[in-house]
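**Q** Given these sequences and hints, build the entire structure.
Sequences listed follow chains A and B, in order.
Note that the numbering used here has the first sequence beginning at 1, numbered continuously upward.
Note that the numbering used here has the second sequence beginning at 377, numbered continuously upward.
Simulated from the structure, these hints should not be mistaken for lab results.
For glycine and all other residues, C-beta sits at the position ideal for the given N, C-alpha and C.
Check the hints yourself; a few may be wrong.
As the list claims (entries may be wrong) - DSSO-like mimics (lysine-lysine), calculated; alpha carbons at most 30 Å apart, straight line:
hint	chain 1	residue 1	chain 2	residue 2
1	A	Lys309	A	Lys57
2	A	Lys309	B	Lys445
3	A	Lys195	B	Lys685
4	B	Lys599	A	Lys186
5	B	Lys599	A	Lys309
6	B	Lys571	A	Lys309
As the list claims (entries may be wrong) - Not the full set, but computed from the structure, chain A residues with beta-carbon under 8 Å of chain B:
hint	residue
7	Val221
8	Asn224
9	Lys309
10	Gln328
Said to hold, decoys possible - Non-contacting residues of chain B with respect to chain A, defined by C-beta distances greater than 10 Å in every case (computed):
hint	residue
11	Ser383
12	Glu385
13	Asp393
14	Gly399
15	Asp410
16	Ser455
17	Gly609
18	Tyr620
19	Met624
20	Cys643
21	Lys685
22	Glu687
23	Arg707
24	Asn709
2 protein chains.
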Amino acid sequence: MAYVKWSFETLNAFCKDVFRKFGFSGDEADTITDVLLTADLYGIESHGMQRMVRYHKGLEKGTIHGDAKPEIVFETPISAVIDGHSGMGQLVGVFAMQKAIEKAKATGVGIVTVRESNHYGIAGYYAKMACDEGLLGFSCTNSEAIMVPTFGRKAMLGSNPIAVAMPADPYPFFFDSSTTVVTRGKLEMYNKMGKPLPEGWALDENGQPSQDAPRVLANIVGKNGGGIVPLGGATETLGSHKGYGYGMLAEIFSSILSQGVTSAECCTFDDKTGICHGFAAINPAAFGDPDAIRAHFNEYLQELRDSPKAEGAARIYTHGEKEVEAEQDRRENGIQVNDGTMVELADLCQYLGLDFSSYFPGYELPAEFAGFTGNY
Amino acid sequence: MAYVKWSFETLNAFCKDVFRKFGFSGDEADTITDVLLTADLYGIESHGMQRMVRYHKGLEKGTIHGDAKPEIVFETPISAVIDGHSGMGQLVGVFAMQKAIEKAKATGVGIVTVRESNHYGIAGYYAKMACDEGLLGFSCTNSEAIMVPTFGRKAMLGSNPIAVAMPADPYPFFFDSSTTVVTRGKLEMYNKMGKPLPEGWALDENGQPSQDAPRVLANIVGKNGGGIVPLGGATETLGSHKGYGYGMLAEIFSSILSQGVTSAECCTFDDKTGICHGFAAINPAAFGDPDAIRAHFNEYLQELRDSPKAEGAARIYTHGEKEVEAEQDRRENGIQVNDGTMVELADLCQYLGLDFSSYFPGYELPAEFAGFTGNY
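**A** In structure tokens form, the structure reads like this:
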């Protein structure tokens, strides 16, 4: 597959126009775009604007209600429950995290659980919102079932990412990861390359280890059983029950406390996905001088980076360094988009009545592209 | 190695007397005993009363200050920082979790971070304290460095367990696990059996995978490098960076927010260990009707248990089931203690002037036992 690089500014302008055309206000389109492009800048393309087609499908199918506004249905000074009314996940997510931040600034902590939302992009975006305000930020979400619990053969949990961000220098601690061993995107990558999956990633429909990417992916799509194993693998030897446990934590803060739809059922409805999220912000000032806490954290992070490397390893990372470096690279050198995605974006322009060539001048679509197909 | 079983009541009476003899008050001895024997009942013998020798050593050496009382050094309605003054970890831990519970009942949430404590037993005990009060409970701790960060060869984090407990029926959700792939106790078990370690557990002094239990353990003791890998292994393929990230979370809530000693340095001092803990309690009532939330959770847990099993697997567990069953078994059939431990307990009796045979009637010590050796 060939790739082309576009500047952040190009994709940003395009993305905002697309969401305005879908009927979102200027502010809403800006918010959605910021969530998506942050993923691209961080090098997490699987969750960026290149999955725009996912949101188009949701809006067309009716699982995403473009005009819905999130509503606070329960609230205390330290907590809130939000009904997303099946609105865009990014808008629901930002609204909810803003609530958590507001509460953390007033009381020291804010915990917000959300039901009836939609795919919200990267969990880390929301954790980082709190971090940007000097707070410790958390976010998690449930999602379409893909994690098979230890000893099972049916996916009952989502990839259920948990993200945590905490202020530090020269860059924040930023941890954002699925509680499955890998995400579905990784399986799709191996599938496209025609390579067998690494051992320890996936299970077939009988709950047996499988390295057969097409088979596992077909089973996931067809809900025939199997899926991805928890962080820690398929058996207790490497800690399968631990990854499964972290997946449960994400579920508790998203679907359980909000009394929403669990991963076992979400994304099985015609008029909604039912996806649930969890958010928390904690003010370090609730534990003393935030500057002193930050300095103490900085010192430990530096000790980790400076600690002796394994033979053959050049560097020990602290969480968030890769994202900072990816962002520098992508702001300087552009964001990579593959040709398949470019075709999807051209389709989207035709559908919305936008001029593809004005956003992506000089880009030649493959000869076979003959206007909007709707088949993506 | 041969084993003998003793009733819970026998070990309970013995353990309480031992701690009273060490100079703790009746209440303090009861608390310490309850933490330790809960581990034994849950089947986590490595953290139970069978490691009593560890506490004896700490009290003798002066890293545990038997007469220290924990002190609140910073407090808000939702948070507290506690200086443990190097007291017994169990007493510090129970004091801190009681504070978190009190705050959660008053405000909805209580987060307490602790510095200058000691080994506190199983993290799950404290999470369960909150759960027993109808709250969502969390606890984590740092510990002597044993986890090698991804791409490293020097242990910089502890086993850093994270525990979460949440009310549910017919038994609570109870998740308690190290953020390393396994704990040191598992390595010691393989060492005693003379078996090679499973692949994916440990690193040698050069940061290379090793299945050589004696070598890895000798390196850990000698601080020569190497150690145990994070949950997710040594490389990013199976998610090493994720386990390392969860280890960092435990560090943030224990040593960072409390401005205490990080795992990189703790247990390297003569007059303290510096071990830090984190605790939180969250009131489900801050998110709606606690009974409705509990019922919703029960339903999901049952769906998980009922979901299709992998070929060859008989059962899917939810977290905490194994502990409930272990407790039933041990209350009925007794708690297993090995002969090596019995010798240690006899030694301890001689040291403290307690009558070993009155606690363990009919037990014949190995012929080579010739009174207190102090060599354990």
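**Q** All hints, please: hold or fail.
**A** Checked hints:
no. : hint                   : result
1   : A/Lys309 with A/Lys57  : 46 Å, violated
2   : A/Lys309 with B/Lys445 : 40 Å, violated
3   : A/Lys195 with B/Lys685 : 28 Å, holds
4   : B/Lys599 with A/Lys186 : 37 Å, violated
5   : B/Lys599 with A/Lys309 : 15 Å, holds
6   : B/Lys571 with A/Lys309 : 28 Å, holds
7   : Val221                 : 18 Å, violated
8   : Asn224                 : 11 Å, violated
9   : Lys309                 : 6 Å, holds
10  : Gln328                 : 20 Å, violated
11  : Ser383                 : 29 Å, holds
12  : Glu385                 : 31 Å, holds
13  : Asp393                 : 36 Å, holds
14  : Gly399                 : 32 Å, holds
15  : Asp410                 : 24 Å, holds
16  : Ser455                 : 4 Å, violated
17  : Gly609                 : 7 Å, violated
18  : Tyr620                 : 8 Å, violated
19  : Met624                 : 7 Å, violated
20  : Cys643                 : 16 Å, holds
21  : Lys685                 : 6 Å, violated
22  : Glu687                 : 4 Å, violated
23  : Arg707                 : 24 Å, holds
24  : Asn709                 : 23 Å, holds
When held up to the earlier numbered hints, the structure conflicts with 1, 2, 4, 7, 8, 10, 16, 17, 18, 19, 21 and 22 and fits the remainder.
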